[in-house]
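Novice: Chain by chain, the residues:
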Amino acid sequence: MTLLNAFTVNATVQSMSPILLAALAGSLCGRVGIFNIALEGQILVGAFASIAGSFYTGSALLGVLSGILVTALFSLILALGTTRFRGDSIVISVGMNLLASGLTAYLLRVLFDTAGTFSSPEIAEVKRIVIRAINTTPWIGWIFSRQTPITWAAWILTILVTLVMFRMPLGLRMRGVGQNPEAARTLGVNVERLQLWTVVAAGALTGLAGAQLSLGTVGIFAEDMSAGRGWIAVVAVMLARNHPAWAAFVCLVFAMADTASVQLQAQGLPNQLTDAVPYVITLAALVMGSLRNRKRRQAALA
Amino acid sequence: MHRLALLRPHPVLMAILTGLVFGALLLLLSGQNPLRAYAEMVRGALAPRNWNNTLVWAVPMIGMTLVAALPLRGGMVNLGGDGQLVIGGFVAAMAAIYLPLPGPLLAAVAILSAMLAAGLYAALAALGQTVLGIPMLISSLLLSYPAIGLTSWAAGFPLRDTATGLAQTLPVPEAARLPMLFGPVSTGVVLMALVAAVVVWADRRSVPGYELRMRGLNARFARYGGVPTARQTVTVMFLSGALAGLTGAIIVLGTHYRFINGALVSPGYTWSGLMAALLAGGEPLMAIAAGFFFAALQTGGFAMQREIQVPRVLSMVLQAIIILFVSLRNGRGAARKEDRS
Numbered sequence: 001m002t003l004l005n006a007f008t009v010n011a012t013v014q015s016m017s018p019i020l021l022a023a024l025a026g027s028l029c030g031r032v033g034i035f036n037i038a039l040e041g042q043i044l045v046g047a048f049a050s051i052a053g054s055f056y057t058g059s060a061l062l063g064v065l066s067g068i069l070v071t072a073l074f075s076l077i078l079a080l081g082t083t084r085f086r087g088d089s090i091v092i093s094v095g096m097n098l099l100a101s102g103l104t105a106y107l108l109r110v111l112f113d114t115a116g117t118f119s120s121p122e123i124a125e126v127k128r129i130v131i132r133a134i135n136t137t138p139w140i141g142w143i144f145s146r147q148t149p150i151t152w153a154a155w156i157l158t159i160l161v162t163l164v165m166f167r168m169p170l171g172l173r174m175r176g177v178g179q180n181p182e183a184a185r186t187l188g189v190n191v192e193r194l195q196l197w198t199v200v201a202a203g204a205l206t207g208l209a210g211a212q213l214s215l216g217t218v219g220i221f222a223e224d225m226s227a228g229r230g231w232i233a234v235v236a237v238m239l240a241r242n243h244p245a246w247a248a249f250v251c252l253v254f255a256m257a258d259t260a261s262v263q264l265q266a267q268g269l270p271n272q273l274t275d276a277v278p279y280v281i282t283l284a285a286l287v288m289g290s291l292r293n294r295k296r297r298q299a300a301l302a
Numbered sequence: 001m002h003r004l005a006l007l008r009p010h011p012v013l014m015a016i017l018t019g020l021v022f023g024a025l026l027l028l029l030s031g032q033n034p035l036r037a038y039a040e041m042v043r044g045a046l047a048p049r050n051w052n053n054t055l056v057w058a059v060p061m062i063g064m065t066l067v068a069a070l071p072l073r074g075g076m077v078n079l080g081g082d083g084q085l086v087i088g089g090f091v092a093a094m095a096a097i098y099l100p101l102p103g104p105l106l107a108a109v110a111i112l113s114a115m116l117a118a119g120l121y122a123a124l125a126a127l128g129q130t131v132l133g134i135p136m137l138i139s140s141l142l143l144s145y146p147a148i149g150l151t152s153w154a155a156g157f158p159l160r161d162t163a164t165g166l167a168q169t170l171p172v173p174e175a176a177r178l179p180m181l182f183g184p185v186s187t188g189v190v191l192m193a194l195v196a197a198v199v200v201w202a203d204r205r206s207v208p209g210y211e212l213r214m215r216g217l218n219a220r221f222a223r224y225g226g227v228p229t230a231r232q233t234v235t236v237m238f239l240s241g242a243l244a245g246l247t248g249a250i251i252v253l254g255t256h257y258r259f260i261n262g263a264l265v266s267p268g269y270t271w272s273g274l275m276a277a278l279l280a281g282g283e284p285l286m287a288i289a290a291g292f293f294f295a296a297l298q299t300g301g302f303a304m305q306r307e308i309q310v311p312r313v314l315s316m317v318l319q320a321i322i323i324l325f326v327s328l329r330n331g332r333g334a335a336r337k338e339d340r341s
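Those protein sequences? They're chains D and S, same order as listed.
Its first residue numbered 1, the first sequence is counted upward by one per residue in our numbering.
Its first residue numbered 1, the second sequence is counted upward by one per residue in our numbering.
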């Protein structure tokens, strides 16, 4: 069992938190009827703003906060674009992804006079929480110790978002807006305002995802460092039909596949092939899921 | 009223203007003279001695614009352009290097097999939607990654040209290379122009083109009117992928003369092309114009970086802002019409 050791389990949990946070954001947007495929760009903006904030203030906390704030502001494009201006969410999202990629690369050159990656001793990284009592305990310690506060936040937020969505009046209103905006409007819900704030709140979550990616792992910013994570979150959201807990499960499967691919690489398989493993597994899961659904439907018909 | 409507500037022009103003602000903030930067961009893209550069960039750009525009016309989105592009480029290189065929025939076979392979790969994503119910947005995107991974591995290991030290295949034989025809015009330019003309014609004058437009306007109506939408999805995606294959083949046989790892994906033709197609709402002629405009922005960006050291990614920012403003203005215009009725 070389696949499951302290390091790989720990790394899996750590590397899945940006995807998880983005998937939470995606399911929030999806619930209010806004299909958000800008997650990739939002994570990137969050990662950049966190690094810049940490670099200029010397504080990891302020870095994370600036990541959250800037990404929430960036999300206003989608929030206002789909509500006030009634634009198409796919077009706006694709534009946002390109804008994020271009703007971060431009600012990287202008502000930090570098291309590719930016690292500096002045960047304060997010410290990991080491729980001494369980640090070396198999499984429990591997999972829970040596994780950043953002990873903890990601899991707590998963529970919180699920509770709000299915157990609170606010969640009921959100689901109502997504399912039938006209009916929700008739019942006195301010549809546009709810959509707007949901998208902005989701943006804050993706900012946190970006902060974990840059400040929570290596403390550097690299161009296009979101590297498909936002798209995986989009897939998770679609697979889970906007259910945050199911989305978290899909993220977990994906993260395990990702860790497995790193392991395969260590076994000597070239990384060009192993990089594709998580996507192939996701695709296989989609195919198997739909085949099962079809069988069930046929059984129901018979 | 009527005259006022005429005086109101076209939304796309307004968006371009807004993009330029925003870009100028960015330039000012970074201590550059925006007028000088834009002048360098225009010169870099349009001065006669740079036509060759612009065309070399415009051909794949317009190719990938059509790749996105074709499905978009019917309300579908193909996000897997990158995967289809590399498959096309890779297959073209393989066919040209390893098939024992004479001269022009070799180039033709290489191009056709690239189109076939990329088309079939794209059709796979369509089948994912029609047979398995996986949204094409997702299936096409996910299929991109293994395609990029496999070709990049093949160019890096078993098929690597060990003489160069880079992850690239052997060069394609002289005979299979697409020649320059006259001045800055290459065979690739002519091929792409022909294909673009066919797409525009099919969109406006042919029955399948009409059926596709009808579906884009109202999918339910199209189905009611007897359009076999599932078959149409697969056909349209096959053609879209085939165009990506053609684009890859033109780059490999006409510019790089071999399959170089990452060289097809990293310029971002696919996403810029998608932007251009979205800008035009999938209408091919407008999409081609937008694709050409974006290509000019890109080559202008290279010149700007070379001459006055302004990062060329600025052209990407301009593209994004333009597309965002067009989508917002379109949305608001539509909303206004809705309110009136």
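If you are wondering where the hints come from, they were derived from the structure by calculation, not from laboratory data.
Fair warning: this is a prediction, and the values are worked out from it, not measured in the lab.
Note that CB positions come from ideal geometry on N, CA and C, so glycine has one too.
Treat the hints loosely; a few may be bogus.
Non-contacting residues of chain S with respect to chain D, defined by C-beta distances greater than 10 angstroms in every case (computed) [claimed, not checked]:
{"#": "1", "residue": "Leu-17"}
{"#": "2", "residue": "Leu-35"}
{"#": "3", "residue": "Val-77"}
{"#": "4", "residue": "Leu-120"}
{"#": "5", "residue": "Gly-128"}
{"#": "6", "residue": "Pro-146"}
{"#": "7", "residue": "Ser-152"}
{"#": "8", "residue": "Val-190"}
{"#": "9", "residue": "Trp-201"}
{"#": "10", "residue": "Pro-208"}
{"#": "11", "residue": "Ala-263"}
{"#": "12", "residue": "Arg-306"}
Derived CB-CB ranges, DEER-like [as the list claims (entries may be wrong)]:
{"#": "13", "chain 1": "S", "residue 1": "Glu-307", "chain 2": "D", "residue 2": "Thr-117", "range": "40 to 50 angstroms"}
{"#": "14", "chain 1": "D", "residue 1": "Asn-293", "chain 2": "S", "residue 2": "Gly-262", "range": "31 to 41 angstroms"}
{"#": "15", "chain 1": "D", "residue 1": "Ala-183", "chain 2": "S", "residue 2": "Pro-184", "range": "58 to 68 angstroms"}
{"#": "16", "chain 1": "S", "residue 1": "Leu-17", "chain 2": "D", "residue 2": "Ser-59", "range": "50 to 60 angstroms"}
{"#": "17", "chain 1": "D", "residue 1": "Gln-298", "chain 2": "S", "residue 2": "Leu-116", "range": "27 to 37 angstroms"}
{"#": "18", "chain 1": "S", "residue 1": "Leu-25", "chain 2": "D", "residue 2": "Leu-4", "range": "50 to 60 angstroms"}
{"#": "19", "chain 1": "S", "residue 1": "Gly-183", "chain 2": "D", "residue 2": "Gln-267", "range": "45 to 55 angstroms"}
{"#": "20", "chain 1": "D", "residue 1": "Lys-127", "chain 2": "S", "residue 2": "Gly-31", "range": "28 to 38 angstroms"}
{"#": "21", "chain 1": "S", "residue 1": "Val-207", "chain 2": "D", "residue 2": "Glu-182", "range": "31 to 41 angstroms"}
{"#": "22", "chain 1": "S", "residue 1": "Leu-35", "chain 2": "D", "residue 2": "Arg-167", "range": "55 to 65 angstroms"}
{"#": "23", "chain 1": "S", "residue 1": "Gly-262", "chain 2": "D", "residue 2": "Gly-188", "range": "53 to 63 angstroms"}
Novice: Determine for every hint whether it applies to the structure shown.
Specialist: Status of the hints after comparison with the structure:
1. Leu-17: The claim stands: Leu-17 (chain S) keeps its Cβ more than 10 angstroms from every Cβ of chain D (closest is about 17 angstroms).
2. Leu-35: The assertion about Leu-35 (chain S) holds, with a minimum of 18 angstroms to chain D.
3. Val-77: 7 angstroms, violated
4. Leu-120: The claim stands: Leu-120 (chain S) keeps its Cβ more than 10 angstroms from every Cβ of chain D (closest is about 17 angstroms).
5. Gly-128: 8 angstroms, violated
6. Pro-146: 4 angstroms, violated
7. Ser-152: 4 angstroms, violated
8. Val-190: At about 30 angstroms from chain D, Val-190 (chain S) clears the 10 angstroms cut-off, so the statement holds.
9. Trp-201: The claim holds: Trp-201 (chain S) sits with its nearest Cβ about 27 angstroms from chain D, beyond 10 angstroms.
10. Pro-208: Pro-208 (chain S) clear of chain D: closest Cβ-Cβ about 24 angstroms, beyond 10 angstroms.
11. Ala-263: 14 angstroms, holds
12. Arg-306: 14 angstroms, holds
13. S:Glu-307 x D:Thr-117: 40 to 50 angstroms: 26 angstroms, violated
14. D:Asn-293 x S:Gly-262: 31 to 41 angstroms: Holds, since Asn-293 (chain D) and Gly-262 (chain S) (Cβ atoms, about 38 angstroms apart) stay within the stated range.
15. D:Ala-183 x S:Pro-184: 58 to 68 angstroms: 60 angstroms, holds
16. S:Leu-17 x D:Ser-59: 50 to 60 angstroms: For Ser-59 (chain D) against Leu-17 (chain S), whose Cβ atoms are near 40 angstroms apart, the range 50 to 60 angstroms is violated.
17. D:Gln-298 x S:Leu-116: 27 to 37 angstroms: 34 angstroms, holds
18. S:Leu-25 x D:Leu-4: 50 to 60 angstroms: At 52 angstroms between Cβs, range holds.
19. S:Gly-183 x D:Gln-267: 45 to 55 angstroms: Check passed, 54 angstroms falls within 45 to 55 angstroms.
20. D:Lys-127 x S:Gly-31: 28 to 38 angstroms: Given a distance of about 36 angstroms, which is inside 28 to 38 angstroms, the answer is holds.
21. S:Val-207 x D:Glu-182: 31 to 41 angstroms: Taking Cβ atoms as reference, Val-207 (chain S) and Glu-182 (chain D) lie about 37 angstroms apart, which means the hint holds.
22. S:Leu-35 x D:Arg-167: 55 to 65 angstroms: 58 angstroms, holds
23. S:Gly-262 x D:Gly-188: 53 to 63 angstroms: 54 angstroms, holds
Violation of the numbered hints given earlier is confined to hints 3, 5, 6, 7, 13, 16; the remaining hints are satisfied by the structure.
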